[in-house]
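Number of protein chains: 2
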Amino acid sequence: MNKQQLFENIKRKKSFLCVGLDTDIKKIPEHLLKEEDPIFAFNKAIIDATADLCIAYKPNLAFYESLGVKGWIAFEKTVSYIKKNYSDQFIIADAKRGDIGNTSEMYARSFFDELDLDSVTVAPYMGEDSVKPFLIYPEKWVILLALTSNKGSHDFQLTEDANGERLFEKVLKTSQNWASDEQMMYVVGATQGKMFQDIRKHVPNHFLLVPGVGAQGGSLEEVCKYGMNKMCGLIVNSSRAIIYADKTENFAIAAKAAAKAVQVEMEEQLKAIL
Amino acid sequence: MNKQQLFENIKRKKSFLCVGLDTDIKKIPEHLLKEEDPIFAFNKAIIDATADLCIAYKPNLAFYESLGVKGWIAFEKTVSYIKKNYSDQFIIADAKRGDIGNTSEMYARSFFDELDLDSVTVAPYMGEDSVKPFLIYPEKWVILLALTSNKGSHDFQLTEDANGERLFEKVLKTSQNWASDEQMMYVVGATQGKMFQDIRKHVPNHFLLVPGVGAQGGSLEEVCKYGMNKMCGLIVNSSRAIIYADKTENFAIAAKAAAKAVQVEMEEQLKAIL
Numbered sequence: 003m004n005k006q007q008l009f010e011n012i013k014r015k016k017s018f019l020c021v022g023l024d025t026d027i028k029k030i031p032e033h034l035l036k037e038e039d040p041i042f043a044f045n046k047a048i049i050d051a052t053a054d055l056c057i058a059y060k061p062n063l064a065f066y067e068s069l070g071v072k073g074w075i076a077f078e079k080t081v082s083y084i085k086k087n088y089s090d091q092f093i094i095a096d097a098k099r100g101d102i103g104n105t106s107e108m109y110a111r112s113f114f115d116e117l118d119l120d121s122v123t124v125a126p127y128m129g130e131d132s133v134k135p136f137l138i139y140p141e142k143w144v145i146l147l148a149l150t151s152n153k154g155s156h157d158f159q160l161t162e163d164a165n166g167e168r169l170f171e172k173v174l175k176t177s178q179n180w181a182s183d184e185q186m187m188y189v190v191g192a193t194q195g196k197m198f199q200d201i202r203k204h205v206p207n208h209f210l211l212v213p214g215v216g217a218q219g220g221s222l223e224e225v226c227k228y229g230m231n232k233m234c235g236l237i238v239n240s241s242r243a244i245i246y247a248d249k250t251e252n253f254a255i256a257a258k259a260a261a262k263a264v265q266v267e268m269e270e271q272l273k274a275i276l
Numbered sequence: 003m004n005k006q007q008l009f010e011n012i013k014r015k016k017s018f019l020c021v022g023l024d025t026d027i028k029k030i031p032e033h034l035l036k037e038e039d040p041i042f043a044f045n046k047a048i049i050d051a052t053a054d055l056c057i058a059y060k061p062n063l064a065f066y067e068s069l070g071v072k073g074w075i076a077f078e079k080t081v082s083y084i085k086k087n088y089s090d091q092f093i094i095a096d097a098k099r100g101d102i103g104n105t106s107e108m109y110a111r112s113f114f115d116e117l118d119l120d121s122v123t124v125a126p127y128m129g130e131d132s133v134k135p136f137l138i139y140p141e142k143w144v145i146l147l148a149l150t151s152n153k154g155s156h157d158f159q160l161t162e163d164a165n166g167e168r169l170f171e172k173v174l175k176t177s178q179n180w181a182s183d184e185q186m187m188y189v190v191g192a193t194q195g196k197m198f199q200d201i202r203k204h205v206p207n208h209f210l211l212v213p214g215v216g217a218q219g220g221s222l223e224e225v226c227k228y229g230m231n232k233m234c235g236l237i238v239n240s241s242r243a244i245i246y247a248d249k250t251e252n253f254a255i256a257a258k259a260a261a262k263a264v265q266v267e268m269e270e271q272l273k274a275i276l
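Chains as they are written, first to last, in my numbering: chain A, 3 to 276; chain B, 3 to 276.
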């Protein structure tokens with residue numbers, strides 16, 4: 003999917019919501035455990051309930067890997083299901099990979115060639131050759147970690163160099179030599195509200211993937227105020243607050259309601275640019 | 003496995019070699035492709051041929067993930083095979099994970115609880131809470147990326163802060179608040195030979211996992227000169243130079259010979275401390 007198509011979807015759906023599929027066998031409603039593939043059954047119900055209200059899904063690889071082979075099967079089935087039934091959805095493999103060139107090539111092959119996903123999250127620590135192998139696939143995206151939503155983001159990401167440039171700023175600047183805003187996005191946590199001003203100085207036109215709204219406490223209003231650009235430029239993720247909105251047999255209806263509440267807020271915010 | 007046990011294995015085998023199982027379906031000998039599980043068949047032959055000469059195996063997750071479910075099955079079978087037949091081997095999941103706390107918990111559950119591996123490589127970019135969930139498992143290890151072997155390592159890892167401290171040094175220093183040398187190791191690339199002096203100033207007693215000898219061109223002698231400590235403190239990995247030493251039906255014999263050549267060099271180097 004290219005940038006313009008993504009923006010068209012945002013305008014049509016009046017939403018820039020990404021639903022994070024952090025599906026944990028220990029947290030899904032009990033009645034699903036009798037299904038042959040409980041994880042997929044849960045995801046399918048969540049997807050059917052929310053697809054009208056979001057423009058992206060973000061399966062978090064850790065949750066599938068933790069189940070070994072079974073989890074990997076559930077992940078592949080989930081991706082196929084989205085692609086077959088909701089082909090306008092942008093699919094993000096939240097994998098936070100990053101390795102030497104020949105290894106990154108294998109990851110790229112896995113996510114883009116085998117699974118035909120739209121994007122993958124990548125960690126910048128190992129530099130250019132850990133990122134470039136992902137960029138040879140047309141209309142596929144690298145979403146590079148810049149400023150994350152967690153407490154530990156302060157440990158290294160805010161470290162200033164001799165010129166006062168913080169590490170996340172160096173990541174933003176350096177990585178623009180590797181790819182344009184047609185192939186690269188950045189992860190910027192919603193918990194870093196006002197930092198979006200600084201981020202936008204470096205990357206005015208890029209899309210940003212924004213985790214941390216919902217369970218982690220970030221404010222959508224603040225993110226939009228400081229982070230939105232004329233093509234929206236934001237994909238805001240919510241995982242737990244939507245998919246675990248209810249743990250009974252009504253979980254999908256509750257997820258739909260939770261997604262709808264966010265979409266309504268987003269529609270309001272989008273008025274600034276549409 | 004604890005640190006003392008690891009050192010005992012090194013002394014007994016006169017080796018600190020780790021064989022990297024970067025098994026690529028496109029690179030293994032053609033006759034194996036008729037096997038039901040060619041990846042596992044290859045690994046099994048490599049392991050049987052090299053187990054006497056090494057103290058660790060490092061399956062690189064990317065290579066298995068790129069094959070989807072089949073790859074994950076081959077990975078799990080490989081781990082089980084090592085644990086059952088060569089229980090003295092230290093197994094490293096080369097995964098380079100690192101995510102917010104609740105996600106890292108899932109990865110830790112996957113690698114330590116489900117698969118019972120000894121260690122996992124972790125990327126430091128997201129800071130403390132991305133690493134800590136791996137540290138609750140006794141005698142399991144985090145191997146944190148510090149200074150990697152690739153060209154891109156220069157992009158961010160060498161960035162100096164206002165006090166002249168480079169990012170990899172800050173990672174070494176900060177992470178020592180999270181765990182001791184009984185639970186933490188560091189990745190330091192062999193291609194950074196003389197930098198081992200600087201590394202050892204910060205972490206004199208830690209084990210270091212050293213990729214980059216062999217195909218990537220690092221020198222074992224230089225690594226030992228600047229990096230060895232009184233408990234050896236080095237696990238030196240070689241992947242391609244061993245497992246792809248030959249691509250005919252003799253591949254396992256050639257792998258054994260390649261591993262033996264490295265082990266002999268290591269035995270020589272170990273004389274300095276044994």
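Bear in mind the hints are in silico, worked out from the structure with no lab data behind them.
Do not take every clue at face value.
Pairs involving identical chains hold if they fit within one copy or between any two copies, as the list cannot separate such chains.
[Said to hold, decoys possible] Computed cross-link-like contacts, DSSO-like style, restricted to lysine-lysine with a CA-CA straight-line distance of at most 30 Å:
{"id": "1", "residue 1": "134", "residue 2": "249"}
{"id": "2", "residue 1": "249", "residue 2": "203"}
{"id": "3", "residue 1": "29", "residue 2": "134"}
{"id": "4", "residue 1": "273", "residue 2": "29"}
{"id": "5", "residue 1": "86", "residue 2": "175"}
{"id": "6", "residue 1": "36", "residue 2": "196"}
- prompt: Which of the stated hints cannot be reconciled with the structure, identified by number in ascending sequence?
  reply: 2, 4, 5 and 6
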